[in-house]
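Peer 1: Protein chains in written order, with our numbering: chain A, 214 to 354; chain B, 132 to 255; chain C, -5 to 492.
The set of hints was computed from the structure by calculation and includes no laboratory data. Please note that the accuracy of each hint is not assured.
[What the hints assert, rightly or not] SDA-like, lysine to any residue: derived pairs with alpha carbons at most 25 Å apart:
no. : chain 1 : residue 1 : chain 2 : residue 2
1   : C       : Lys154    : B       : Glu244
2   : C       : Lys104    : B       : Lys254
3   : A       : Lys279    : C       : Glu102
4   : C       : Lys22     : C       : Leu42
5   : B       : Lys163    : A       : Ile348
6   : C       : Lys105    : B       : Gly241
7   : C       : Lys22     : A       : Ile231
8   : C       : Lys104    : C       : Lys154
9   : B       : Lys254    : C       : Leu478
10  : A       : Lys279    : C       : Ile29
11  : C       : Lys105    : A       : Tyr290
12  : C       : Lys154    : B       : Glu252
13  : B       : Lys163    : C       : Leu227
14  : A       : Lys279    : A       : Ile231
15  : C       : Lys105    : A       : Ile231
[To be verified] Sample of chain B residues lacking proximity to chain C, with all beta carbon distances greater than 10 Å (derived):
no. : residue
16  : Tyr144
17  : Tyr158
18  : Gly193
19  : Ser200
20  : Leu210
21  : Gly229
22  : Ile236
23  : Tyr240
24  : Val250
Remember, predicted model here, so these are calculated numbers, not experimental data. Each residue gets a CB set at the ideal place from its N, CA and C atoms; glycine is no exception.
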Amino acid sequence: MKQDVVIRTVCRLIVPFIQIFALYVIIHGASGAGGGFQGGVIFASSFILIGIAFGLSDARQRISEKANTLLSCTGLYLYAGIGVLCIVFGGNFLGYSFIPLPLDSAATRGLMAEIVEIGIGITVMAVMTSIFYDIAVKEDM
Amino acid sequence: MIETFFQSFFLRYNFYMAVIIMLIGLYAMIAKSNLIKKIIGLNIFQTAIFLFYISSSEVTGGTAPILMSDPGTVYVNPLPHVLILTAIVVAVSTTAVGLALIIRIYETYGTIEEDELLVQEEKT
Amino acid sequence: MIPDHLTILVVIIPMLGAYTTLLAGWVKRRFCFPIAMVTICIQFCISLMLLYQVMKTGPLHYNLGNWLPPWGIEYVIDPLNGFVLVVLLFLSLLCCMYSRRCIVDEIEEKKIVGFYTVFLLLIAGVCGIAVTGDLFNLYVFLEISSLAAYALVASGREKKAIFASFNYLIMGSVSACFILIGIGYLYIATGTLNMADLARLLPPLYGSTIIQCAFIFFIVGLSIKTALFPLHLWLPDAYSYAPSAVSALIATVMSKVGVYALIRILFTVFTPAFIIMEIPVMELFCWIAAIAIIVGSVLAITQTDLKRMLAYSSVSQMGYIILAIGIANSAAMTGGILYILSDAVMKGCLFMVAGAFIYSTGFRTIEDLKGISRTMPLTAVAFFIATASMIGLPPTVGFMSKWFIALGALESGQWFFVVIILAGSLLTAIYSWRVIEYMYFRDPDMAHQAAVAGANDPPASMLIPILVLASACILCGIFVTIPLEVIEPSVTRLLGGT
């Protein structure tokens, strides 16, 4: 299958669109239908597609397992960081409106929720990809 | 008798289907000896619960709960959707753990049929 | 500023700790243990501070994201939570300390990073269950801790552990699904997920079929999680094939948190007015618990593997707590909640001792342990004390809790269950005395002489938790008034509805 020209070409074409769509879904998490988890899963699916079409080693070159670990930690720290930032500014955990930004309360909430969603998206993407690696690695051997 | 049954069935079609799907999942978990089929059964079971939740959030004539400019818009209840999103995440993680375990079972025992596994367990 | 936020920090810190462990393990594997240890130490201090504050000022409420309940998620700490949280974190601290040397033999080296990460995630989930005041949040944390437990059970080298873990996963997930359905029914009927709000809204609906259905789903789901008798089938395999440190952790922390969730849902969400007046479920609980006590002990007698025997004994010990819940008067509930402490302490100690035997000699079966007390005296003494507590000999904490449960049974005039409690103690004595006899009064078999003679008490990092727990069995029994000071207000709160 790895030699199949049609599959390789279609993959090459479609992967950027999947990723753009994933980013769209993540960014619209706070104001519309979408969110970090859905977007993250879509983003991960693009790597899984690469893994299926080009083989695992190719997917690993694009995003290695170490990068996955690092990204999943980054996402979680982003989430927890925003939460703790709220505590520092005198609110409760994830009490977004307490963060002093030159915006009104609703806009601050929206912005912060967006950042948290991005954190979730990064973590979900990394975790989903590494689950795929871990389960699929046995096939290679 | 039968007419009222049909009436109530089609009035609450989603809920009846949720129960039926749930039972299919339960059956697969109990009766199938292939471990992957058991995991699929578990997934079907969970999906039935998702269907049950989502059906409960229905409001007649309601639209997706995204804020519209028209103040008279009727929205469906968004909370079950959010809860189920979380439950889906849980289901995905459960499936991932289950599949990882099955891979390790296959590595150690060389089979994923439950009856063969039990025979091997007896021997050791 | 910080004291208000301790409630949330007790959940956030282990999560951050887990991921920090993952990153640190990437740099160097031996950083993992200290980070896990420090994390749990901080948590333990926080839980003590929380308990102190609750006893001083009354229940603490914390609104996540400043959303007022019932719209937002609320974390509530009352005396019961505070007590359970301290017990859980005390045990996790000791298990973590114990695991350092213990897992060297039992887990492949490259998995150690993952082990501590998942360990901390389990503790995060367990703490979450203990502090949350929101039903759906409880479900999520239950799943976090359960998933971590499945992974931990399968983490060892033992072949059978993987299949045991798979069975645990199927049973655990089905039970979680039942709980989810129960939550769904309650939400459809009342439109809220907050426990306090539910307790307020439910009384007019007590007659409705939806509520009764939801109740039954909760009971079945939580019975699987706590391994109540007919639904205990996943437990013996999972406990006996898991690495010893993990057995000690899940036998104490996971099962106790299940009991806590059961008590919380029975008494806080469905108030005593419902469970005693509307559905005759308490009677049923008493009978099932009685069967669990007897059958669990009888099955334990038939076992030859030490850890497996302890696992069946867990089934029977769980029966005592459920019996206390079933009797549901204030003396019995005091005994039941005290039993959470005593069972955690003694089961933790016993599983750790079993792990120490495996660590030093590699023996799992009881018959191989003949004469082991001569070369491992301290471990054997700890085993003896914990066993005495499990049988219920004074002055141990096990005696005090059984005493209260029996007192409760007498107060409500149910003589039969007093007989059951005594019979259970007798059976416990039979299966545990056999081990003690082998350890102290028999000479080792020829084949095992060299191994027994060469055995030593385990290294300090394993011995200290064992001895701490063994002395806790006695100290908590003698100074039983200290835990009772916390338990009594929580029992009054739980039964306050009547």
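Peer 1: If any of the earlier hints don't hold here, list their numbers in rising order.
Peer 2: Hints 2, 4, 7, 9, 15, 20, 21, 22, 23 are the ones this structure does not satisfy, whereas the remaining hints hold.
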